[in-house]
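The whole structure should be built from the sequences, with the hints applied where relevant.
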Amino acid sequence: MQIHDNPALFALWRNLAQQAGLPVDGWEAALASQRNDSERRRVVYHLTRQGVRLALKLVGYPVDRSGFDDEVTAHLSVQERFGGVPQVLAADLEQQAVLMEWAGTETLYDALISSNAPDRQALLGRVGDWVARFHRTGLHEWRVFQPKHTVRHLQRLMTEVETGQKAVAASQDWLAAAGQLCDLQPQFEGRQTVSCLGHGDLNMRNILLGDSVAGIDFRGGGPVPVGHDLARLFVHFGALLAPVGDCIDGVLPGVDISGFWNGYDLVGPDDPSVGFLTRMRILIDWQTLPSDPTRYSAAQTQRFTGLKRLAGCAFT
238 MQIHDNPALF ALWRNLAQQA GLPVDGWEAA LASQRNDSER RRVVYHLTRQ
288 GVRLALKLVG YPVDRSGFDD EVTAHLSVQE RFGGVPQVLA ADLEQQAVLM
338 EWAGTETLYD ALISSNAPDR QALLGRVGDW VARFHRTGLH EWRVFQPKHT
388 VRHLQRLMTE VETGQKAVAA SQDWLAAAGQ LCDLQPQFEG RQTVSCLGHG
438 DLNMRNILLG DSVAGIDFRG GGPVPVGHDL ARLFVHFGAL LAPVGDCIDG
488 VLPGVDISGF WNGYDLVGPD DPSVGFLTRM RILIDWQTLP SDPTRYSAAQ
538 TQRFTGLKRL AGCAFT
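Counting from 238, one number per residue, gives the positions in the sequence shown under the numbering used here.
Treat the hints as calculated values from the structure; they're not laboratory data.
The C-beta atom is built at its ideal place from N, Cα and C for all residues, glycine as well.
Hints may contain errors.
Unchecked claim - Straight-line distance between alpha carbons at most 20 Å, and here's what the computed EDC-like set of lysine to aspartate or glutamate pairs gives:
| id | residue 1 | residue 2 |
| --- | --- | --- |
| 1 | Lys294 | Glu331 |
| 2 | Lys294 | Asp242 |
| 3 | Lys294 | Glu265 |
| 4 | Lys294 | Glu276 |
| 5 | Lys403 | Glu378 |
| 6 | Lys545 | Glu331 |
| 7 | Lys403 | Asp522 |
Unchecked claim - Here are the simulated distance ranges between beta carbons:
| id | residue 1 | residue 2 | range |
| --- | --- | --- | --- |
| 8 | Ala413 | Ala354 | 27 to 33 Å |
| 9 | Pro527 | Asp448 | 37 to 43 Å |
| 10 | Gln429 | Ala404 | 35 to 41 Å |
| 11 | Met238 | Asp306 | 26 to 32 Å |
| 12 | Asp486 | Ser303 | 40 to 46 Å |
| 13 | Ala404 | Ala354 | 36 to 42 Å |
| 14 | Ser303 | Gly459 | 16 to 22 Å |
| 15 | Gln392 | Asp242 | 53 to 59 Å |
| 16 | Asp306 | Gly482 | 57 to 63 Å |
| 17 | Gly263 | Ile485 | 50 to 56 Å |
| 18 | Glu276 | Gly482 | 27 to 33 Å |
| 19 | Asp420 | Pro527 | 24 to 30 Å |
| 20 | Thr396 | Leu268 | 15 to 21 Å |
| 21 | Ala269 | Ala404 | 35 to 41 Å |
Structure representation (structure tokens):
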């Protein structure tokens, strides 16, 4: 459709186009993707005009203009130092809309779910290369990994679960796994890792694949060990897409992510922050799910089943 065929969309577009210094008329608009569930409602349009391709994203829910402003600011900060992201051209914080360069719609999740095992490892290698280049642009320092603050946070959560202040699905299993991670602290503490400016929400749906790899939906923040980003990505992949099989050894036991390390060379799979925080991420994602599995949606059931399988391999 022509963008002016939708009056509400055209009114929004006019403001964004003027911000970006683009002509207002003559643009085709096609629905590229959408999400509409209890957690988030958003739509992305693919805009084209004389060979120029743009993406227009609108977030209808949740209404959190401060949070949306933080996301746009984080993306702008990244694009100042790193070329592997689509450039933000304009934003309307009141309408929670952002206009940026087109980087495609196929996410890493989409690509992996339709790939066989060898192709999956090749895709993970491409993504590993992108993540390494991104991390290098925000490289902060080599540091000694100290998981004591993470362990204290975990111990507070354990106390809340034990005292009934917090309800967690399969709480006794969760507590047993959490206790084991606390006991593993000495194996990871005091070893060298790398800190950098991270993505903040590095999951399979925030990585776009086309002719090149691109990242979106940055959360920003200060320097953190690289394991924070990698743990999110590995556990998201492992819980949702990794084939069920034996508990093979590795950074995330039970999940083959060997291809990732063909591209990522900032640290290796023996990095202490990666090993520890990957296990912590399993527990964090687990305790964020509703406490009653009988009321789960299909997606929540899949995620819970995957996290329980990962925990069964990571904690014995």
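Broken hints, by number
Violated hints: 5, 6, 16 and 20; rest satisfied.
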